[in-house]
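Undergrad: Residues per chain are reported as follows:
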Amino acid sequence: MDRVILHSDCNCFYASVEMLHRPGLWDVPMAVGGDPEARHGIVLTANYIAKRRGVKTGMALWQARQACPDITFVPPRMDLYIKFSRMIRRIYSEYTDLVEPFGLDEAWLDVTASVGIRGDGRRIAEELRERIRCEIGITVSIGVSWNKIYAKLGSDYKKPDAVTEFSRENCRELVDPIPVGDLLYVGRATSRKLYSLGITTVGELAAADPGMLRSIFGKIGLMLSVFARGLDETPVSPENTRAPIKSIGNSTTTPRDLTTEEDVDLVLYLLSESVASRCRDNGFIGQVVEISVRDCELHICGRQKKLGTPTNISEEIHAAAMSLFHEVYRWERPIRSIGVRIGDLKPDTFPYQLDLFHDEAYRQRLLKADLAVDDIRRRFGFSSIQRGIMYRDRYLSSLNAKADDHMVHPHSYLERGNRTGCEKVQKESAP
Amino acid sequence: MGVYDYHREREEAHPFTLYEKMPEVTEGNEYKVYVDVIAAFKEGQLLPLSLTWEDGRSYEVDRIKSIRRMASRKAGGCGICYICSIRNQEVHLFYEENGLWFVTRK
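Top line first, the protein sequences correspond to chains A and B.
Our numbering puts the first residue of the first sequence at 1, with every later residue one more than the last.
Our numbering puts the first residue of the second sequence at 1, with every later residue one more than the last.
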């Protein structure tokens with residue numbers, strides 16, 4: 001039997017949440033964009049009125065104002081969007097345990113097992129759409145199909161507040177004319193190549209010979225063919241499962257340019273603490289520390305190094321990051337953004353070689369101190385306990401480095417490996 | 001990554017206010033009235049008993065007609081909506097789940 005998969009996409013998610021909370025913005029062009037003073041000056045989401053006038057996600061605020069002079073900008077409130085995202089997921093979870101979020105505002109739902117109780121896919125989708133509109137106050141568009149890719153195309157097909165079903169009967173008629181660039185994994189470069197092959201729509205891609213696609217794009221070519229033909233078998237992952245983490249990193253554009261060693265020290269402490277604490281939360285130790293530095297003219301440089309012993313202690317990560325910084329940066333210009341990342345992760349129960357010249361007892365004490373800080377922050381909030389250096393510049397240290405925001409960006413579709421089933425096609429197409 | 005903490009200034013004004021007890025919109029909205037509520041947990045369910053209107057008078061909730069999650073586009077917000085009858089008037093009382101209650105003004 002075919003699976004029943006829904007893809008739900010909140011229309012202009014950030015803008016919708018803001019419009020709900022500020023009813024004065026319902027019928028004016030508005031955009032959620034970074035606070036120019038905190039220097040994140042781009043449009044994150046615009047509402048439909050602004051979009052119709054040419055405002056696009058990713059535009060600088062001044063560009064958006066050029067396109068649409070009477071636009072209202074609202075600073076983003078990530079915590080609120082995360083709260084709304086959770087409330088929406090709570091509704092999804094009443095229908096199925098197979099919910100795979102794709103960023104804050106999108107999710108796939110596998111409702112195959114609920115069809116007997118709740119009615120067919122379309123009915124469930126209509127019910128979800130209605131409930132989210134009434135209970136949460138924002139609109140979603142939902143695509144219904146038997147695979148994740150078509151479901152996603154469906155949710156893009158008609159917006160806002162709509163349900164589109166691609167069944168086996170109507171799919172060729174409806175899916176075929178969709179431009180090929182709307183497919184997942186067809187970005188600007190791939191669509192240009194496809195255009196040069198005379199492939200402009202999903203239908204043409206589906207009709208193309210998989211073997212030919214493979215010879216041009218490699219394995220991705222087969223995958224695209226599978227996507228276009230609706231043969232994708234990638235399962236919807238169950239709730240609350242995380243893909244294996246390869247590295248943990250955190251970077252930030254600071255509220256003002258960093259000009260002295262001490263500024264860098266402070267921000268690196270913030271970032272190292274956040275990275276180390278996330279390592280501990282997830283039960284990891286890592287052995288490779290990497291930093292990236294971007295100066296005020298947006299030149300990027302970075303370097304990594306391998307530590308003697310794997311660690312999740314913030315003090316050690318900071319020391320490594322600081323020494324890397326000394327190696328890599330010559331202070332030609334002030335710094336705009338900086339990041340710390342730890343890689344080569346192992347479980348923290350993993351045995352490792354001790355260093356003869358390091359005081360292991362002291363390391364254990366450092367770790368205990370870090371754990372105590374974690375505990376205090378969990379109970380009383382992030383700002384309840386801080387390093388003394390944070391008081392040297394309260395403005396810089398107001399950055400909350402360990403926010404929930406690592407869940408904002410969608411994970412890669414192939415993060416858990418290629419489960420599309422494109423190997424079968426490979427066998428078919430082999431001579 | 002790294003989100004600038006916009007709550008910081010407000011937190012300094014009330015040092016003991018909990019982070020989750022922040023109203024979601026602070027600027028004026030004539031249809032949204034935050035009210036103080038006396039509520040009780042009965043059999044595991046949160047039920048409002050009385051509310052204090054902005055003029056300082058307090059009103060008993062005579063009857064709760066329905067409880068459901070709802071969004072209010074008029075007032076701007078969402079939460080658990082208690083449709084109450086207070087002195088024969090229907091009142092929509094919302095619990096925002098952050099410690100705050102509001103009423104939509106007619």
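Hint data in this document are derived by calculation from the structure and do not stem from the laboratory.
Please note that a few of the clues may not be correct.
[Unchecked claim] The calculated DSS-like cross-link candidates involving lysine-lysine, where the alpha carbons are at most 25 angstroms apart (straight line), are:
1. B/Lys-42 to B/Lys-74
2. B/Lys-106 to B/Lys-42
3. A/Lys-246 to A/Lys-305
4. A/Lys-158 to A/Lys-51
5. B/Lys-74 to A/Lys-159
6. A/Lys-346 to B/Lys-42
7. A/Lys-159 to A/Lys-193
8. B/Lys-106 to A/Lys-51
9. A/Lys-56 to A/Lys-219
None of the values given here were measured: they were computed from a predicted structure.
Undergrad: Indicate, hint by hint, whether the structure satisfies it.
TA: So, going through the hints one by one against the coordinates:
no., hint, verdict
1, B/Lys-42 to B/Lys-74, "violated, 30 angstroms"
2, B/Lys-106 to B/Lys-42, "violated, 29 angstroms"
3, A/Lys-246 to A/Lys-305, "holds, 16 angstroms"
4, A/Lys-158 to A/Lys-51, "holds, 15 angstroms"
5, B/Lys-74 to A/Lys-159, "holds, 23 angstroms"
6, A/Lys-346 to B/Lys-42, "violated, 49 angstroms"
7, A/Lys-159 to A/Lys-193, "violated, 29 angstroms"
8, B/Lys-106 to A/Lys-51, "violated, 33 angstroms"
9, A/Lys-56 to A/Lys-219, "violated, 33 angstroms"
This entry does not satisfy hints 1, 2, 6, 7, 8 and 9, going by the numbered hints stated previously.
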